[in-house]
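Chemist: Residue-level listing of the chains:
4 protein chains.
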Amino acid sequence: MTTGPDTTHLHPHRTGIWLIGARGSVATTAVAGCAAVAAGLQPATGMVTETAPFADTGLPALGDLVFGGHDTATTPLPKRAEALVADGVLPYGLPDAARAELAAADDAIRPGGPQHGDTRDDEELIAAFAHDLADFVRTHRLARAVVVNVASTEPAAPTSGGDRLPPSSLYASAALRAGCPYVNFTPSTGLHHPRLRAEAARAGLPYAGRDGKTGQTLLRSVLAPMFAQRALPVRAWSGTNLLGGGDGAALADPAAAAVKNAGKARVLSDTLGELPDGELHIDNVPALGDWKTAWDHVAFDGFLGSRMVLQTIWQGCDSALAAPLVLDLARLTARAHEAGLSGPLTELGFYFKDPDGGPSGLADQYAALTGFAERLRRGRA
Amino acid sequence: MTTGPDTTHLHPHRTGIWLIGARGSVATTAVAGCAAVAAGLQPATGMVTETAPFADTGLPALGDLVFGGHDTATTPLPKRAEALVADGVLPYGLPDAARAELAAADDAIRPGGPQHGDTRDDEELIAAFAHDLADFVRTHRLARAVVVNVASTEPAAPTSGGDRLPPSSLYASAALRAGCPYVNFTPSTGLHHPRLRAEAARAGLPYAGRDGKTGQTLLRSVLAPMFAQRALPVRAWSGTNLLGGGDGAALADPAAAAVKNAGKARVLSDTLGELPDGELHIDNVPALGDWKTAWDHVAFDGFLGSRMVLQTIWQGCDSALAAPLVLDLARLTARAHEAGLSGPLTELGFYFKDPDGGPSGLADQYAALTGFAERLRRGRA
Amino acid sequence: MTTGPDTTHLHPHRTGIWLIGARGSVATTAVAGCAAVAAGLQPATGMVTETAPFADTGLPALGDLVFGGHDTATTPLPKRAEALVADGVLPYGLPDAARAELAAADDAIRPGGPQHGDTRDDEELIAAFAHDLADFVRTHRLARAVVVNVASTEPAAPTSGGDRLPPSSLYASAALRAGCPYVNFTPSTGLHHPRLRAEAARAGLPYAGRDGKTGQTLLRSVLAPMFAQRALPVRAWSGTNLLGGGDGAALADPAAAAVKNAGKARVLSDTLGELPDGELHIDNVPALGDWKTAWDHVAFDGFLGSRMVLQTIWQGCDSALAAPLVLDLARLTARAHEAGLSGPLTELGFYFKDPDGGPSGLADQYAALTGFAERLRRGRA
Amino acid sequence: MTTGPDTTHLHPHRTGIWLIGARGSVATTAVAGCAAVAAGLQPATGMVTETAPFADTGLPALGDLVFGGHDTATTPLPKRAEALVADGVLPYGLPDAARAELAAADDAIRPGGPQHGDTRDDEELIAAFAHDLADFVRTHRLARAVVVNVASTEPAAPTSGGDRLPPSSLYASAALRAGCPYVNFTPSTGLHHPRLRAEAARAGLPYAGRDGKTGQTLLRSVLAPMFAQRALPVRAWSGTNLLGGGDGAALADPAAAAVKNAGKARVLSDTLGELPDGELHIDNVPALGDWKTAWDHVAFDGFLGSRMVLQTIWQGCDSALAAPLVLDLARLTARAHEAGLSGPLTELGFYFKDPDGGPSGLADQYAALTGFAERLRRGRA
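Chains as they are written, first to last, in the working numbering: chain P, 1 to 381; chain G, 1001 to 1381; chain H, 2001 to 2381; chain X, 3001 to 3381.
Careful, some of the hints might be misleading.
[As the list claims (entries may be wrong)] Going by beta-carbon spacing under 10 Å, a handful of chain X positions derived as facing chain G:
#1 Gly3088
#2 Ala3236
#3 Thr3240
#4 Asn3261
#5 Gly3263
#6 Arg3266
#7 Asp3270
#8 Leu3272
#9 Pro3276
#10 His3281
#11 Arg3307
[Unchecked claim] Far from chain H, some chain X residues (derived; all Cβ distances over 12 Å):
#12 Ala3036
#13 Pro3155
#14 Gly3179
#15 Arg3195
#16 Lys3213
#17 Asp3290
#18 Lys3292
#19 His3297
#20 Asp3318
#21 Leu3321
#22 Pro3324
No lab work stands behind these hints, which were simulated from the structure alone.
Don't be surprised by glycine CBs; every beta carbon is placed ideally from N, CA and C.
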């Protein structure tokens, strides 16, 4: 990780990660964690790209990643990091150890939008965002920059008043315009807006999404295939998520939760052949902070109609689950760009609730991912 | 399913299933359930061999299966079936619907051993068992018979006083002598005894084992790969099983539980690279009858040392989980025998806690199994 | 339990139980179960009135209870009972053993209302219901009859169009008019309608309610006092209920669920001083039939701000939980009537989510109940 | 809390708390937490003596408590406190805020025993400990000191070789000799040794025990009465505890776990009339540190033999659960001593798994405790 701009020449390996929502918990954890792992202060827990199958695949080194991004919030990253320590998300001492990197990333954050009272139209916003991106690449003499959306889930767009693009699509359009690969770690629309379709096809850039698979859906993507393979029909799959933090507050909006749930349901319908009965609740519980609890109740049939039940309880820290995947995705997408790939990276379905094609069970997705790594490795030879 | 011997000519498709522990819950459920499914009274829930990948693979039809076996118990199968209705294992009405098949199977059960006070030595017992098997095949004019061990788990053999073979190995040796394929659905020794090694190699018969994967270990075989693939180190994997019925009583013996646990641990050590901390308890809870509850607690590390937890609770009926797998295994092993295969069927690891080779994650095991089906299908062309 | 009307003289102990919703699962279970316990075929599990503190308190004997009621459904009770066996609610054989009592109760059921297309106004309906009740008491020469509402939860009344009384209040008014004590085992309005207030006060009859406490709220009424007594502040109490059957379908209506949840919340706010954060979901899961699963997640603070969690999972059969309480309440309320008591029986808060006064913790409610039993016993001396 | 000895005159309110195991997690948390609460830095969460019913009962103020104790460990308290921050037990910043109090308490800690290779006999050890206690009271000019055992559970004494007293009984005997009230927060023998019986009776001192009720048993003491009061027979009550830290390691010794479990079982047998089926496991899981997870599975019967299940999962920090109870008990026992009470304080059963008499359900124990507070209040008038 590089802490300041180098103004003399282009760095062939230096890769930018431009985070939409750059002052949120996930972004802060990714920036501080990248610094700590690069410095050898922490193991690379949760980073799949640091495991054996990804050796010699030409991914940018953690020390060559440079962070920036857009956000409408103004609390500086070092201060956000301190708050995450108090909330039990970051280990004590990390904000100090990563002070330089946090400050450097904070310097590279530009105001997001549209802000309240913003008079700019969509075109002006896209142009401004694309300019910020180009400036980031130039200032830091980056080989490339990947745009990653880690902002709060936005509500489902009303079908009627579709004059304006949702914010996530403004940023996605700006990425295309600036020639940057794009990763959508949220369930928001992003590149999936009909008005961006032609533009995305023309741009010749790789992209990946949607909605990082960090907890309950990760579990579902290994459990649902088990029921299918064992010929055990699922009668009902019910779930409740409790979470606080910014994500909890955003998802307390039923329109945002609906977007989230649509992706979560997909793994079940894709794997089981049809969507079983059962509801999925997302409750905002501020007392839990960034810690998430997900309870699942699966009622399934056994031989001769016997009624059986599997329940799972998953308790994890949302930002700590997401951050290593964000780093993985940025590195893989940057490398795909370098390799000249374009269009949806279906091999990255391992990371997403609602992927752009590819298999739906986690094991098959992992096989696709390691196959992708193998191709990248051979491409270097 | 055929209800009585046919004395006129050999049936090329009629296949015997010779159950060790033929009057136990699993055997009773398999016999009654096979009749109900063959008659179209019940769906083939839990029978993987009835799903699409197994079409046209030449498996014996459910209606061509003929049951017999050894047991030291004397309660007739129709009466056992009534008791299983009262215990909530079999649906009301099934014992009546399958009365003929239960009676026919009961007629074909021969006394097991060694009984209390038995004066026969190992060689005499093996000879008697092999004679029973040959008689079963001849009387019912079967194309072949598969021996399946579904008896209660036997205690670990004392290392010293190894003059006698454990009972499970006596039956396994009898299967070899009678030229019958062999499946060990329990963690008992069976064919894995050093003194049977040479004999097994010479026999040229297919065999499969050990210990059917029906609940907690099934879950572990999909969850452990998830942790490995996501680079999330498991710090401790703890579990408690509560079960009643005959299996609960048998496993209350620490020596029997130790045998069981060794197999259960294998999926974790094979998948995770090392066996994590954590104990595994098997408690006999008579009040639960044949219903089993398994609680697992997995403590794992997240990014930057955050501590996360997954808990699972599995509630299922042991016999209803096992019986369709027993039918699957008998059909697949019979077909392997017909196809001239011999030695360990590593492609059946999908069904076992402690398989004879092959991959350890369920997804890879399923791929191996469907690949096996594909080879059987092509073998018929 | 008496199976047919006796036309010769009044029975001083024979007590009627008039069930609103007399052909539902709870009513069927209560009628069949009362017969089985009275005949000594089943233990009196779950019947508090059969425990030591209630000896010699003058309650009507189980064999002296006579059942009837209103329902808009027409499936006869013996047939309903068979369906409950198939659903695992009633034990096999019970419908046969209680055939006479089920048929007798079914004969005493009269059509409820208002039916679809009913042209009768409130006054006509109340008069008809009261006439049915009086007829029941006379025909069976009963000392008295208690009206117990066990019908499905009705939606919250719209505040505006309040011209008509909700059905539960029509039945409650009919009970008053016929001089019958009244028990509301549901969260529906019943006697709690403002327009019945004066009438209830005038009637001089004992009554009790609302909403039987059978599962999650029962648990909450012992757990919430624990947190309060130990000075452990509850930060959030979240819950999800999964249930099928008629109650699941009725509570899938958000207006009905809202009524239910208001009562459930009361035990928390009364005990903890304020209602903690956290939502409460009621999901209709038809696959579960009459079996209910309730998951609760309680986030609480420990010493020095440590964050702790209690989770509970309750799995029970709704009708089997409710029926013995219905029998208890009918007996206690009949005895209160005999003893000349009138107004709300606050000592019965032990049975209700939303009681008419009295303490809110279960232990204090139990003390009040056994104190009531003691007064009844002394009243006989 | 006073940070150093005052050498001029006796303080009528200054009360000593002499902790056996004074450098363990519970002791460190109690000392640091008392300082933080006394200074207004933290709320008095979990301290029952700080709630309304205990106002004006004459308890020593938190600021008047002076800590000391015995321990064989030598790591200073300030350093132990830092380690507890890293383990997530104490909040960041607390060791600094309570530095003076931790150092003062550490100065007052004397070496425990018998140490490895100790040549002193029981009498010499008791005399040495009693001398340490007397010295503590005199140096700090205390009105009195309460001895509280918070050391690791010691193994069950072998029945035969009973020449030596167990260590916990040596300390208990020293307390008697020094005229100090005694509280046993552990399941170890302490005062319950037959050879201390006469001495305890003669001493005229108040005492209380055994084994603080902090988690699973606390829950059981509210849940078991619920089943009893509702006439729901418990068929089996099974449990597994996972914990790390020093207590986890100590209880990995089966002899120590057996002592612990005997107390835990008592609440069930006392409340339910008999001990239900079901085992209780205590597993040492170092990865969990001081955080404890307890799973309970209660199989109970419903009406007409229906089988129902309650499961609970309790996740808490052991030291944070124990420390406020230790402070409560020391204050209450000191006040009892001041009031001239002697013998077992049965009114403190609220705090113990295995109390010296009194009721077994938590609600009744709470009533006894608040009644005790009322008597103390009246005693001041």
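Chemist: State for each hint whether it applies.
Modeler: Okay, the hints, checked on the actual structure:
1. Gly3088: Check passed: Cβ of Gly3088/X comes within 8 Å of chain G, closer than 10 Å.
2. Ala3236: Nearest chain G Cβ about 5 Å off; hint holds.
3. Thr3240: This interface hint holds because 4 Å falls under the 10 Å limit.
4. Asn3261: 14 Å, violated
5. Gly3263: Nearest chain G Cβ about 20 Å off; hint violated.
6. Arg3266: 20 Å, violated
7. Asp3270: With a minimum Cβ separation of about 21 Å from chain G (threshold 10 Å), the hint on Asp3270/X is violated.
8. Leu3272: With Cβ-Cβ at 14 Å, over 10 Å, it is violated.
9. Pro3276: 8 Å, holds
10. His3281: Cβ of His3281/X sits 5 Å from chain G, so the hint holds.
11. Arg3307: 8 Å, holds
12. Ala3036: 7 Å, violated
13. Pro3155: Non-interface label stands for Pro3155/X: nearest chain H Cβ at 29 Å, farther than 12 Å.
14. Gly3179: 30 Å, holds
15. Arg3195: Consistent with the label, Arg3195/X stays out of reach of chain H, its closest Cβ about 35 Å off (over 12 Å).
16. Lys3213: 10 Å, violated
17. Asp3290: Its Cβ does come within 12 Å of chain H, the nearest being 10 Å, so this is violated.
18. Lys3292: The claim is violated: Lys3292/X sits with its nearest Cβ about 10 Å from chain H, within 12 Å.
19. His3297: 9 Å, violated
20. Asp3318: Asp3318/X not clear of chain H: closest Cβ-Cβ about 10 Å, inside 12 Å.
21. Leu3321: 6 Å, violated
22. Pro3324: Violated: least Cβ distance 5 Å, not greater than 12 Å.
In summary, the structure is inconsistent with hints 4, 5, 6, 7, 8, 12, 16, 17, 18, 19, 20, 21, 22 from the numbered list given earlier, while agreeing with the others.
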